[in-house]
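Trainee: Whole structure, please, built from the sequences with the hints as guidance.
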Amino acid sequence: MSAPLLEVHAIAKRFGGVQALADVSFVVGTGEIYGLIGPNGAGKTTLFNVISGLTAPDAGSITLEDQPLTGLKPHRIAQAGIARTFQNIRLFANLSALENVMIGRHARTSAGLVNAILRTNAQRTEEAAIEARAFALLEYVGIAAHADALARNLAYGDQRRLEIARALATEPKLLALDEPAAGMNPTETQALRVLLERIRAGGITLLLIEHDMRLVMGLCDRVLVLDFGRRIAEGAPREIQLDAAVIAAYLGTPAA
Amino acid sequence: MDTFIQQLINGLTLGAVYAMVALGYTMVYGIIQLINFAHGEVVMIGAMVAFSVIGALVGADTGLSAPIIVLAGGVVAVPLCIAVACTMERVAYRPLRAAPRLAPLITAIGISIILQHLAMMLWSRNPLAFPQILDNRVFHFGAATVTSVQLAIWTVATLMMAALSILVYRTRLGIAMRATSQNPLVAGLMGIDINRVILATFALGAALAAIAGVMVGTYYGIAHYTMGSLLGLKAFCAAVLGGIGNIPGAMLGGLLLGLVEALGAGYIGDLTNNWFGSNYQDVFAFIVLILVLVFRPSGLLGERVADRT
Amino acid sequence: MMSVRKAWSVPYCACIGMALIALALAVLPFALASVGTTWVRITNLAILFILLSLGLNIVVGFAGLLDLGYIAFYAVGAYVYALLASPQFDIHLPFWAIIPLGALVACLFGVLLGAPTLKLRGDYLAIVTLGFGEIIRIFLNNLSAPVNITNGPQGISRIDPFRIGGFDFGRGETFFGLNFSGPIKYYYLLLLVLVAVIIVNIRLQHSRIGRAWEALREDEVAARAVGIDTTRMKLLAFAMGASFGGIAGGIFSAMQGFISPESFVLVESIMVLAMVVLGGMGNVWGVIVGALLLSFVPELLRHTVEPFQRWLFGRAIVEPEVVRMLLFGLALVLMMLLRPAGLLPSAVRRRELARRSNLP
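So the sequence lines, in the order shown, correspond to chains A, B and C. Residue 370 in the working numbering sits at position 139 of the first sequence, and the numbers go up by one each step. Residue 427 in the working numbering sits at position 156 of the second sequence, and the numbers go up by one each step. Residue 52 in the working numbering sits at position 27 of the third sequence, and the numbers go up by one each step.
I should point out that these hints are in silico values taken from the structure, not numbers from a laboratory. The structure displayed is predicted, hence computed values, not measured ones. Each residue gets a CB set at the ideal place from its N, CA and C atoms; glycine is no exception. Take the hints with a grain of salt, since some may be wrong.
Pulled from the structure, derived: some chain C residues nowhere near chain A, Cβ distances all over 10 angstroms [stated by the list, open to error]: (1) L118; (2) G177; (3) L214; (4) L216; (5) H231; (6) H328.
Between beta-carbon pairs, the in silico distance windows are [what the hints assert, rightly or not]: (7) L501(B) x A360(A): 50 to 58 angstroms; (8) L362(C) x F566(B): 35 to 43 angstroms; (9) L325(C) x G414(A): 47 to 55 angstroms; (10) R183(C) x I404(B): 44 to 52 angstroms; (11) D541(B) x S292(A): 50 to 58 angstroms; (12) A360(A) x I224(C): 17 to 25 angstroms; (13) V136(C) x G302(A): 20 to 28 angstroms; (14) D541(B) x R339(A): 54 to 62 angstroms.
Mentor: In C-alpha cells form, the structure reads like this:
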C-alpha cells in the first residue's frame with residue numbers, strides 16, 4: 232500500500248437502540264480506489280456521514296494526511312480535502328449545472344462581501360477563473376453541453392456526473408462517492424468506470440460505496456466489508472469474494 | 272405572598288386558554304409539520320361568533336340563564352370555526368403539502384390577514400363588549416380572589432383536555448392521527464385515509480380554539496378582530512415550550528407560559544427596581560420562545576428533535 | 026465558452042431604452058408634483074419600500090431564510106436617526122454620520138438575533154424573528170419611563186431633515202426656474218440610494234457570496250459538504266439585510282420628520298414580505314415590480330374603491346384600507362398556490378428557457 236491518506240480509527244456510532252457503527256477502522260492509501268460494501272443497513276452511509284462531518288461519531292478518530300478531522304464541521308472537512316457525493320443525489324436543483332460547479336469552488340476562493348460589492352479587479356479575475364475552472368470540469372465529466380441547464384432538468388446519469396464535477400471543484404485529496412452507479416444501465420456504468428479511472432489517474436484517491444459488484448470488483452484496489460456496523464473483512468476484491476464471513480453476510484448464515 | 276397567589280390564579284386561567292390554543296398548533300404540526308399561522312384567527316372568530324349569539328340572545332330577552340346563553344354562544348361558534356379551519360386546510364394547505372416548507376407558511380400568513388379583515392368587515396373595527404349578564408361571584412383566599420368565570424374556565428379546560436386525551440389515545444381516529452404523524456406514507460399504505468385524518472386534526476384544533484375564544488372573551492369581557500394574532504403567537508410559543516408535536520407538552524407549555532406571564536408581570540417591577548413594568552408582559556412569551564429554541568429546541572416533553580426536512 | 030455574465034454586453038437599443046427610463050425617472054417628480062405633492066410623497070415612500078424589499082430579498086430570496094420581523098431593523102435605523110437628530114435629547118448630528126451608524130446598529134441587532142437562532146430550521150426562525158419584531162416594538166412603546174428614551178407611543182417629532190452645508194432637504198428651493206420642493210429633493214436622493222442598492226444586490230447575487238447563499242437556500246447539507254460555512258453565510262445575509270433596513274429607516278425618519286412605534290408593526294413586516302414574494306423571491310427586478318405594485322395599488326384603491334361603491338350601492342361599505350389588506354392576503358395565498366416563483370420568474374429559469382429555444 233502507498234502512503235496512508237485517510238486513517239479511520241475505531242469509529243462507533245449509536246442511534247437510539249441501534250449500533251450503526253462499532254469499532255470500524257481502516258486506512259486508505261494515497262492514489263487507491265478503496266471500496267466499501269455490505270448489505271443494506273450495514274452502516275456504509277453512516278460511515279460516510281461521519282467521515283464528511285455530517286454526523287458526529289460517539290467514539291474514534293479520523294485523520295487525513297495526519298491532520299485530525301474528528302469533530303470538525305463539514306465545511307472544514309471539505310476544506311481539508313474530502314469531497315463527497317450523496318446516495319440520493321443532492322444538487323442545487325434550481326441553479327444551472329455551471330453554477331452548481333462554481334459553488335464547488337467556494338472553499339478554494341476568497342472574494343468577500345466588499346470585493347463583490349466594489350467588483351474589484353481581484354474579484355473579477357477570480358470570478359473569471361472560477362467560471363473557467365467550472366466549465367473545464369463540466370467538460371471533464373462530459374456534460375459541458377448542458378452547462379446552462381438547470382440541475383433538476385438534467386438526465387439522471389448527467390446529474391450523477393454533475394455531482395462528481397461539483398465535488399472535484401473543491402480540489403479534494405479524497406473523493407468519496409456514495410453509490411455512484413445506482414440506477415445506471417450497463418453502458419452508463421461502463422462510462423462511469425472510465426471516468427473514475429481518469430480521476431484516479433489525475434491523482435485523486437477514491438472511496439466508493441457501491442452495490443454493483445462487477446464495478447467494485449473491476450475497479451477497486453481493496454475493499455472493506457461492513458455488516459451490522461462491524462468490519463467483517465478487508466482485502467483485494469478476489470480475496471473478498473471467497474471470504475466465508477462475507478458470503479454469509481450477503482447470503483445469510485446457513486441455519487444451524 | 273398574596274400577590275403571589277393572586278398571580279398564580281390569574282396565570283392558571285391564562286395558561287388554560289393558552290393550552291387549549293396550543294393544542295391546535297401542536298396537533299397540526301405533529302401531523303403535517305406546518306405552523307398554522309392562521310390558528311389564532313380561528314380563536315378570534317370563535318369569540319366573535321359567540322359574542323354575536325350571546326348579544327342576540329340577551330337582546331331577545333329570552334329569560335334564559337346566563338351560563339346557558341354563554342353555552343349557546345359556544346355551541347354555535349364550534350361548528351363555524353371547524354368549517355373555517357377545514358376550508359382553510361382544503362383550499363390553502365392541502366395543495367401545498369409537497370411544496371417547500373416556506374410556501375405553506377406564507378399562505379398561512381395570507382389566510383390570517385384575510386380572516387382578520389373579513390372579521391373586521393363583518394363585525395366592526397371596534398371591540399365588541401360582553402353583555403353584563405354573568406353575575407361574577409368572587410371567592411376570597413386571604414387577599415387573593417377567584418371569580419366564578421375563572422373557575423368555569425378551569426373546569427371546561429380540564430374537561431376538554433381530558434376528552435381530547437381519550438380521543439387521541441383511546442379511539443381509532445386517535446390511533447390514525449398518531450400513526451399519520453409518525454409516518455404519513457406508511458399510515459396511508461395501512462389503509463388510513465390521510466386527508467380525512469388531517470381534516471379531523473384541523474377540526475379538533477378548531478373546536479378547542481373556538482372554546483378558547485369564548486373563554487378568553489368572557490374572561491376579559493371583550494372581543495376584537497385583532498385579538499387572535501398575539502394570542503395565537505403566544506400559544507405557539509407555549510406549544511414549542513412543551514415540545515411541538517407533543518400533546519401533553521402543549522398542555523404543560525400552555526400552563527407554564529400562563530404562569531410565567533402572570534408572575535413575570537407581577538414581579539418585574541420589583542425585580543428591576545421599577546425600570547420595567549407589567550406593560551412588558553407580552554415580551555415574556557417571546558423570550559421564553561427564544562430561550563427554549565436555543566437551549567432545548569425539542570421542548571420540555573419533546574423527545575424527537577423534529578428534523579425531518 | 027458560454028458565459029453567465031456576457032449579458033452585460035447590452036445591445037444598442039437596450040442602451041436607448043435605459044436612457045429613456047432614466048429621463049422618465051428624472052422628470053417624474055415634476056409631473057407628479059403638477060398633480061399634487063402628495064403623489065411625490067407617495068412615490069418616495071414606494072421607493073423606501075423598494076429599498077426595504079431589496080434588503081429583505083437578500084435574506085428571504087437569496088439565502089432562503091424567512092424573516093417575519095424585518096421591520097424591526099427599519100425601526101432600529103429610524104430610531105437611531107431620530108434620537109441623534111432631534112430635540113428629544115437635543116442632539117443634532119449630521120446625517121452622514123448617523124445613517125451609517127444606524128446601519129451598523131441594525132446590523133448588530135441582526136447578528137445578535139441571528140447568532141443563536143440561525144441554527145434553527147426555517148419555520149422556527151420565522152417565528153423567532155416575528156417575536157423579535159414584537160419585542161422591539163414593545164420596547165419602543167414602553168421605553169418612555171422611568172427614563173424617557175423613545176417617548177413611547179407619542180413617538181418622536183421635529184426630526185432633522187438631511188442637510189449638507191446650506192442645502193436643506195426639508196426646504197423647497199428654486200433652481201433653473203424649477204421649484205424643487207422638499208419631497209422632490211428626497212426623491213432624487215432616494216433614487217440615488219436605490220440605484221446603489223440595486224447595484225449592490227445584483228453584484229452580490231453574481232458573486233461567490235451570492236452563490237453560497239443560493240446554495241444554502243437550495244440544499245443546506247450539500248452546501249456544507251462542498252465547503253460552505255453555512256452558519257457564517259446565514260449570519261452574513263441576516264446582517265446585510267438588517268443594514269439595508271437600518272439605512273432605509275434612517276431616511277424614513279428624516280423624510281417624515283416624525284416617527285412612532287405605529288409605523289413598525291407586524292403588518293409592515295408582512296407587507297414587505299408580500300412585495301418580495303409577489304415579484305419573485307431572489308429576482309431583483311421582480312422584487313422591485315412587487316414593491317411598486319403593492320405600494321401604488323393601495324393608492325389607486327383609495328381613489329377608486331369608495332367612489333365605485335357609492336356608485337354601486339349608494340354608500341361606502343368597505344373601506345379602502347380593508348380592501349388593501351385583503352389584497353395583500355390574497356396575493357400571498359394565490360402567489361404560493363399558482364405562481365410560487367413570482368410574477369417575474371428568476372433569471373436562471375428565463376435563461377434556460379431561452380437556451381431551450383435555441384437548440385437545433
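Trainee: Would you mind marking each hint as holding or not holding in the structure?
Mentor: How the hints compare with the structure:
1. L118: 25 angstroms, holds
2. G177: 37 angstroms, holds
3. L214: About 20 angstroms separates L214(C) from the closest Cβ of chain A, which puts it past 10 angstroms; holds.
4. L216: 19 angstroms, holds
5. H231: Label violated. Min Cβ-Cβ 8 angstroms, cutoff 10 angstroms.
6. H328: 40 angstroms, holds
7. L501(B) x A360(A): 50 to 58 angstroms: Roughly 53 angstroms apart at Cβ, these two residues keep to the hinted range, so it holds.
8. L362(C) x F566(B): 35 to 43 angstroms: 37 angstroms, holds
9. L325(C) x G414(A): 47 to 55 angstroms: 54 angstroms, holds
10. R183(C) x I404(B): 44 to 52 angstroms: This hint holds: roughly 50 angstroms between Cβ atoms.
11. D541(B) x S292(A): 50 to 58 angstroms: With Cβ atoms ~53 angstroms apart, the hint holds.
12. A360(A) x I224(C): 17 to 25 angstroms: Holds - the Cβ-Cβ distance for A360(A) and I224(C), about 23 angstroms, lies within 17 to 25 angstroms.
13. V136(C) x G302(A): 20 to 28 angstroms: Because 25 angstroms falls inside the window, the suggested range holds.
14. D541(B) x R339(A): 54 to 62 angstroms: 58 angstroms, holds
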